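These protein sequence lines are chains A and B, in that order. Numbering of the first sequence is given in my numbering, commencing with residue 1 and proceeding in unit increments. Numbering of the second sequence is given in my numbering, commencing with residue 213 and proceeding in unit increments.
These aren't lab readings, by the way, just hints derived from the structure by calculation. All of these numbers come straight from a predicted model, not from anything done at the bench. There may be inaccurate statements among the hints.
Distance condition first, Cα-Cα at most 30 Å in a straight line; then the derived DSS-like pairs of lysine-lysine [to be verified]:
1) A/LYS45 x B/LYS285
2) A/LYS45 x A/LYS73
3) B/LYS257 x A/LYS73
4) B/LYS257 x B/LYS285
5) B/LYS408 x A/LYS196
6) B/LYS257 x A/LYS45
Listed here are the chains, written in short residue letters.
Protein chains: 2
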Amino acid sequence: MAATKTPPLDTGVPGAPSPGATRSRDGEASRARILMAARAAFDGKGYAQTSLREIARNAGVRPSLVVHFYGSKAGLLAATVEWPFDPDTVVRQVLAMGPDHIGERLADVFLETWEQDGRPNTALTLLHAACERPEAATLMRELFTTCVVDPIVTAIAPERAELRVSLVASHLLGLHVGRYLLEFHAIAGADADVLKQALASTIQHMCTGPLW
Amino acid sequence: MAATKTPPLDTGVPGAPSPGATRSRDGEASRARILMAARAAFDGKGYAQTSLREIARNAGVRPSLVVHFYGSKAGLLAATVEWPFDPDTVVRQVLAMGPDHIGERLADVFLETWEQDGRPNTALTLLHAACERPEAATLMRELFTTCVVDPIVTAIAPERAELRVSLVASHLLGLHVGRYLLEFHAIAGADADVLKQALASTIQHMCTGPLW
Chain A
1 MAATKTPPLD
11 TGVPGAPSPG
21 ATRSRDGEAS
31 RARILMAARA
41 AFDGKGYAQT
51 SLREIARNAG
61 VRPSLVVHFY
71 GSKAGLLAAT
81 VEWPFDPDTV
91 VRQVLAMGPD
101 HIGERLADVF
111 LETWEQDGRP
121 NTALTLLHAA
131 CERPEAATLM
141 RELFTTCVVD
151 PIVTAIAPER
161 AELRVSLVAS
171 HLLGLHVGRY
181 LLEFHAIAGA
191 DADVLKQALA
201 STIQHMCTGP
211 LW
Chain B
213 MAATKTPPLD
223 TGVPGAPSPG
233 ATRSRDGEAS
243 RARILMAARA
253 AFDGKGYAQT
263 SLREIARNAG
273 VRPSLVVHFY
283 GSKAGLLAAT
293 VEWPFDPDTV
303 VRQVLAMGPD
313 HIGERLADVF
323 LETWEQDGRP
333 NTALTLLHAA
343 CERPEAATLM
353 RELFTTCVVD
363 PIVTAIAPER
373 AELRVSLVAS
383 HLLGLHVGRY
393 LLEFHAIAGA
403 DADVLKQALA
413 STIQHMCTGP
423 LW
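Just need the whole structure built from these sequences, with the hints factored in.
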């Protein structure tokens, strides 16, 4: 599957309220420079250690322009996150073959998405920020539960659906951290196809099997 | 189960090489102050943002004394980590009732240990440090795989033991992060007994069930 990148989450503040095309183009360029500076700083120093003022300086704009575009540092973090997949497409793909194939399809999508994601990958950048700030934990929770697992489990409506959503999301997260950050021996070195199979059976169990 | 706290990992550098009891007591007091300053700094600012010099200053000692006691900043990190359980005891407890009860016993120990651990808990402090430095990732990996899961899975010797170790460790880690850091809805709010049951069946499956 080729994951379709979604545009960054945005805060809905209009890009450039100017009447002229030139000013509008300038606004777009400033936004892009601000985002680039924010990504570099969050990845390099961490979210908590980066100030909005510093991002503005690195982007060559006034801090008030950053506030005008993104509202706050938290808004800027949300804007820098490019989901590495389009949630609606993923949900459709995972559900396409019916409830008995959810584990297998979700394992496919999960591994294919992260294997092609460069380092530092989206989830690890967010996890790092989440250690420092609750607003990043919220974004991370959205990535792993609200956007993907929740609509899938809800569609098959098993008993204890909510608990299953959290278990599946935790399992995917744990595998992600174990493989890409902490490098647990046998999963950091494993071929994606081996992992897919192991992941598929566990996820299927969590989605449709007896919980206890 | 009452988890027995192990003493902090230490680097083996002798506490105070002095011949006199007074100098020895002074050495112990300095070590304690250094560790307290290091913990406060690592928890507060993060591992990467803290310098050894700064820890020495906060502890009221010379940097050379920190180096004498702990070798390096990484050695100091290892020394600040108090494992919230004694690995040998945990392994014995989990194996006591035989292979068919491993999931249930490991779920018990895992949840009881973390429920009684204060915040910021050991695993989250290490995870935060692991986002910044590989040496912290190594400590975290030891906590989740080498110290606990590896001896348990090795004792029951299933096929693909190494992969099972990593899967179980990842699952425990994911649940930990989902419950205590990202607060995934249904597991952050769940009663420990409900979680234990859900965790037990998944871990049992990963330890002794068919992997695919």
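To see whether the hints hold, each was checked on the structure:
1. A/LYS45 x B/LYS285: Judged against 30 Å, a Cα distance of about 18 Å means the pair holds.
2. A/LYS45 x A/LYS73: Holds: A/LYS45 and A/LYS73 sit about 14 Å apart, inside 30 Å.
3. B/LYS257 x A/LYS73: holds, 18 Å
4. B/LYS257 x B/LYS285: Given that 30 Å is the threshold and the Cα spacing comes to 14 Å, the pair holds.
5. B/LYS408 x A/LYS196: holds, 26 Å
6. B/LYS257 x A/LYS45: Holds, at about 11 Å.
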